[in-house]
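Participant: Take a look at the letters that make up each chain.
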Amino acid sequence: MARYSAEMNRTASLTLAVGSLTSDATTPRRQKLYEFDFGSEAAPADNSFLWQLQRCTTAGTSTGVTPTALDPADAAALADVGENHTITPTLTAGAILLSIPLNQRATFRWVAAPYGELVIPATASNGIAIETPTASLVAVTALIHWNEE
Amino acid sequence: MRRPQGYIIITDPDAPTVEFDTITCAHCNRIVIVKPKEDPASLGGFCGMCTKYICSACNAQGSCTPFERKLEESERRDRLRRQMGL
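Those protein sequences? They're chains X and D, same order as listed.
Each step along the first sequence adds one to the number in the working numbering, with nothing skipped, and position 112 is 112.
Each step along the second sequence adds one to the number in the working numbering, with nothing skipped, and position 63 is 63.
It should be emphasised that the hints constitute simulated quantities derived from the structure, not laboratory data.
Hints are not guaranteed to be accurate.
Label pairs and their in silico Cβ distance ranges [what the hints assert, rightly or not]: (1) D46(X) with K35(D): 15 to 25 Å; (2) P16(D) with T26(X): 40 to 50 Å; (3) G45(D) with T86(X): 36 to 46 Å; (4) N9(X) with S63(D): 35 to 45 Å; (5) P13(D) with M1(X): 29 to 39 Å; (6) S99(X) with E68(D): 22 to 32 Å; (7) R77(D) with M1(X): 17 to 27 Å; (8) G64(X) with P36(D): 38 to 48 Å; (9) G62(D) with T26(X): 23 to 33 Å; (10) E7(X) with P13(D): 19 to 29 Å; (11) L137(X) with M84(D): 39 to 49 Å; (12) G45(D) with D46(X): 29 to 39 Å.
Each residue gets a CB set at the ideal place from its N, CA and C atoms; glycine is no exception.
Let the hints inform the model, and build the full structure from the sequences given.
Facilitator: What follows is the structure, given as structure tokens:
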């Protein structure tokens with residue numbers, strides 16, 4: 001069970017995902033998301049954001065991100081991570097795992113205790129998308145950590 | 001709360017840092033934020049079948065379908081689909 005991290009960046013969009021973590025289409029493995037951090041590195045301003053984590057069944061079209069193994073001895077991650085989507089992932093209705101309103105100036109961090117992780121099934125292209133349905137069009141960053149089983 | 005399943009920290013330069021415990025619903029895997037001194041009934045419930053915390057939406061359903069079972073069903077369907085070459 002190896003741990004990985006990935007950072008996703010984009011100019012916030014109301015309709016396109018900031019990033020996504022999905023099981024690989026040909027070699028799916030179960031993923032357990034145990035930490036994520038959201039924020040904006042743009043000039044401080046009082047703008048409202050709504051950050052959502054929602055399950056998805058496809059990865060959409062995005063710029064690929066290479067996950068970093070937290071232990072350099074571990075093999076490369078099989079999970080697919082994308083940022084700056086041009087076609088948003090296919091979202092599962094009613095499967096919003098977290099919805100957080102946030103000021104642009106604020107930074108959000110969630111860490112899971114053991115057995116509290118968000119689990120992505122070992123099903124091809126299933127995963128979690130990070131969205132900003134309410135946002136100002138400024139640079140935003142999401143950082144995720146997960147276990148790959 | 002005793003034994004939270006997660007922890008949130010919100011840092012805002014113009015406001016005090018805000019911290020919350022969270023629980024992860026055992027049926028749908030949603031994150032539920034536990035605010036201090038919140039009425040436990042508004043958070044959801046405790047499933048007597050799988051003996052784990054669940055969110056209010058799953059509590060209202062009244063049935064027990066652990067998330068692990070949903071994962072296994074999804075993975076089983078996907079394996080069958082790939083075995084059939086679809």
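Participant: Quick check: which numbered hints come out false for this structure?
Facilitator: Hint 9 contradicted; others consistent.
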